[in-house]
Amino acid sequence: MKLSPALQARGISRRGFLRASAALGAAGLVGGCTATAAPPGATKITIWSWLTGMDKYVAAFNAAQKDVFVELRVIAAGLSGGYAQQTNAIRAHNAPDVLHVEYQGLPQILLTGGLRDLTADMADLESQYSPAAWRGVRPDGRTWGVPMDLAPMVFYYRKDLFDQHGIALPRTWDEFRTAAAAVKQIDPQARICSFPLNDGSFFAGMSWQAGDPWWTAQGDTWAVDIAGEGTLRTASYWQSMITGNQVAGVVYGSQDWIAGIHDGKLWGVLGASWSVGTLNRSIPKDTGRWAVATMPTWDGKPANGIQGGTAWGVSAESKNPEAAMTFLRWLSTNPEVPKIGSAFSTPFPAHLPNRAVARQAYKGGFFLGDPVYDVLDEAAKRVPDWTWGPNALRLFSTISDSFGPVRSGGTTLPDALRKVQQHAVADMRTRGLSVREGKSA
Amino acid sequence: MSVLAPERTTPREAPRNVPVTARARKKDFAGAVLAVPFAILLLCTVLVPVAYALYLSLFTERLQGLGFSGPENVFVWLGNYLSVIVDSAFHASLGNVALFALIHIPSMLIGSLVLALLLDSGVVRLKQMWSLAVFVPYAVPVVIGGLIWAYLYSPTIGPIKGLFGIDALSDGAILPSIANIATWQWVGYNMIIFYTALQAVPREIVEAARADGAGGFRTAWSIKIPVIRPTIFVAAVFTVIGSLQVFTEPMVLKGFTGTVTSTWSPSMYVYEAAFVAGDNGRAAAASVLLAVICALLSAVVMRFSTRRS
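Chains A and B supply the protein sequences, listed in that same order.
For the first sequence, UniProt numbering gives the first residue as 1, with consecutive numbering after it.
For the second sequence, UniProt numbering gives the first residue as 1, with consecutive numbering after it.
So here's chain B without its partners, still in its complex pose (with noise of 0.2 angstroms):
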């Protein structure tokens, strides 16, 4: 994980020659030992349910007649993939999600950069009660948070109205109401992130380049930005997959009102295909399909960032 702890300047101690010994062998043991309850977990929440999951993207639930004969599971290839892929609310929620990350990541990964910048260069008085407060909304359940958000937006008896002149849950507002909720909850989140990275940042640095006449901007700019790049990455890594997922925050105001379908995000695609249409191959298909989007995406992001450092 050196990818995300910034490399001091000071060079190391050498590594020590160390003899291979049964002390050694006898900590790989222990070693072993410690990791098999993350190994039974990993296997048991995580490879076994992805493994059924392929399998039952696989199937599929025919019936006859009235259907009251009861389902007959039949093997189907990759008929369900071709399915989502096809559907048009897929790709409807595969371009809601898009438009959130255009307007999500960008705010929320500047707001929060800009944030930990101006708390650690000390402009800012009361540093701790000011982080406190940014990241108070991180600490707040996702599910309250869209309630809360969900009623101030009323257009009725919420102060959105009165104030903006806009109604936040109509047609065309509801995808920045969305993303308004997600940077909301998790700007502060990032910028304790920023802002621990920045404070590894050598102070030889950043005093070097203001005995050089470097100011305040400057010195974020081309100093303190570059040094934490490969955590800005990471958090948009983050981020990324965080936004492909989203859920809890449209499902929230979908009781608010109509514009939100059912199928807005491909979470819900999913949710409403396992839990409403009871059509559990077609899920599975399109959680595949969406995990594989999520890698591809994570992907480019790394690539991206390892060829800038």
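Chain A extracted, bound-state conformation (with noise of 0.2 angstroms):
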């Protein structure tokens, strides 16, 4: 029998592909351990972790101790995968010791009762936690993972231009329609910044700021407000912003975004204590132009958001609980680390001892104006209450897909946020979870 044509093809596209996986297969798992050898007597226990760095953290560790091994294993950033991973591994009863959990990400990681409750291991600690951060691992009052890094949201702003053509930094968000304004009118290329559309996490961020959290653990229920007072004035500003052509709707670190703001075309970027390194990274010869302030206000009252940040937890199958809470309270409050982190990038740690030292090794030199280490702990001490819900990540595609025809103008920001709570609470309860609709009481 003569073999067809389109068969043969098939026939050698899926073997180079069979071959291909098999390699990749091989590599990942080479390259995801780390390679070293446990010393003897040492208890073993693994941690999967996207962190950047965390190599660098995890051999330091096993370097200046014998009692315990930690062995890391890479997994893909977030949404990426890397929620899917542990929470099939928790389903699964393989979990590793240690699991890789953004405060945002803790609530839902929590439904699959996965994780061990750390309440007491942790009391000791509490004084020594920024207490956003604190807030962050404790969603209904047990405290559920180890602090890392917090990222309130700031200002990023092109300080070289505001000063040449005379426009003040904006404090409150009416004065920052007015340098938007300004902005456009000196270049009518130019923006003061883009406010992206895709970005769930980012607009959570900004409706932080307004003090509606959208979701709070009351008892035994949820109330979900997302489309609360103070979500609808900012979504409704950020509306008339769109509307009236003041913003720039690029999505944050693309290319397009990275040629904005190198050419002058974005003034400013609305981003999280990690955009410091973003900024670095993407635009090294801009040194001397930015500056970093505070994020603008409602009413004048000091108020901050903030966008992702990382936390540890401990899985509730852990047979080596006691040794995965000793590295963890390393990598959490142990002075070298922050010492290590500055040698490849900016960490701003949730325990305020590290953030010291951290602020000790910043090289420094990129940005003008106001130490960037002091705007960013006056940021981080401006968030206020907030809960992350069981279905916060979804809630961010959720998010993200009902803003898509925001632009053309097939939808307002308000509208689709009243259809986003609806949804969140029509899918929390399909789920069994007990929800409140609205503010809490």
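Keep in mind that a hint or two might mislead.
[To be verified] With a Cα cut of at most 20 angstroms, we get these calculated EDC-like pairs of lysine to aspartate or glutamate: (1) A:LYS439 / A:ASP220; (2) A:LYS419 / B:ASP87; (3) B:LYS161 / A:ASP117; (4) A:LYS159 / A:ASP187; (5) A:LYS319 / A:ASP117; (6) A:LYS363 / A:ASP377.
Keep in mind the hints are simulated off the structure, nothing from the lab.
Grab the two chains, each in its own frame, and use the hints to assemble them into the complex.
In structure tokens, the structure reads:
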């Protein structure tokens, strides 16, 4: 029988594909694990993480003591697969001892029932953490995680251009609107910043500042308030900025965005503390142009949102929870860690004494104006109460899906958010959760 | 697979009468042994996962209160299927791939057929160079191809906006933009298949047609296309299945624009359910439904093809 050309072609490509995937798998196994062997007698624990530089922290910990040996497996970042991998491992009863959770993802991971209650283990550390981080690992008043870093949102702006054209740094959102108009008038191609619509965690951070948390754990019930007063005020404000063509729409970190900030078409960035690293990496030659400031406020009362931030959880089925906690206490509170991190990033630890270490180690030189760590510190202090819900990660994609038609005028941000609220409530109820709509009592 | 290979007009040799001998039985045994690796792979990578997906699709994780006490796995009969069938996001994803297929399938099949006929007709010089040039996009990994196109589409740094004045990533243009990437990727691949089939068209029929005064167009339309019709139908079946399962192109563009939703195509719907929402039951039910739709559509196309030929 003559083999069809179609099948011949398929056969080759499939075989090639299998070979390629086998090679990839092997590379993943080799590359994903740290290679050094455990010293005899040490308790071995495993950690899955996607934190940049985690290999360096783990190597330093393994070198510093002989009792606990940590084996690191690097996994895909968050929603790119990391959460799915960890959730499935918990379901399959082969989770690592230590899991990577972000504050925003912690309640969703908790739905698997796979995390150990760390309330007693962590009780002595409360006073050493930034209150926002401490609340972040205690969604229901029990401690479920060990905070690592914090990511308060700030406003990065082209101080050189603002000064040159006599635009004052906006302190309120009303002033921000005036400044946006001024930027556009000076250069019709330029905008004060981009307001990306495809990033739910960004919008959540912007809404956080308004002081109406999207979720609150009330006893045994979730109060869900995604279309609350503060959030709708945020949404209406940005809707008018979009309708008036006062802000750009490019996606944060994209080539368009990098080109925009480098060419002076974007005079500012609404970002989190980790944007310090993004700016340093994306536009290393733009030294001496940018400055950092706390976010403009709604009514002059200081307030700031948060976007992201890492914490660690211990598996409920871990055989060595004490060893895991030994490692996590080191990782979260040992001054060595921010020193190591400062070599390749700009860490902003949740642990306050460690933040002082990071501030000392910060090289500086890129930004004008107020010292970066002063601004970030101030921003971190201004964070209002907030609880992430058990569907936060999924909600981020619901938000960006609903915001898709906003730019073409198909819907408005407030309308989209009302739909998101309905969707979220229905989704949570379908899963059997106890839900109450509206503001917490 | 004789559907694929065009029948030769020359009569075949009549099969010789061979008595069943020990040698033949040994041959059967050898055949069985050689089939074992395939059977194991089929079992482990297709049959077992399919069975497991069917099993998963009947269960869901039920929580209570705040949900922190962990889930309880409950049997819900066809509840997951029902929730997928009534989900407007799933309907939207089907609508998207239907429109995508409407643009992609005709343009890709006609494009590759025309290119294959041109190559076969002998009017093209530097045949190998051209066929390689058209085939190269298929050799580019889909993710890389998607990224390249995404940069070309980007309104501020890509050339498309300047050349044609349209924002290829905007609400109205995103569907043709995605279809364009897929067509670009697959035209060369199908062209090679059609060209190979055309090589097998008996030269004597073509010559006879030419002797009867048929020109290039007439020969292509009345002789070549009818002879390779079975190949075209098989390519159509693969393209229909591929269109239904489109995933990588919209997934890549999603990073560049908010107009691609996280449930843009049925495959993305499955991905969202499994890896973002963490709802394995609904993901399994949606994949089973998608597989059933694929099978039905392929059956329709195959039925159509056998009736025509």
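Hints versus structure:
no. : hint                : result
1   : A:LYS439 / A:ASP220 : holds (16 angstroms)
2   : A:LYS419 / B:ASP87  : holds (15 angstroms)
3   : B:LYS161 / A:ASP117 : violated (54 angstroms)
4   : A:LYS159 / A:ASP187 : holds (16 angstroms)
5   : A:LYS319 / A:ASP117 : holds (14 angstroms)
6   : A:LYS363 / A:ASP377 : holds (17 angstroms)
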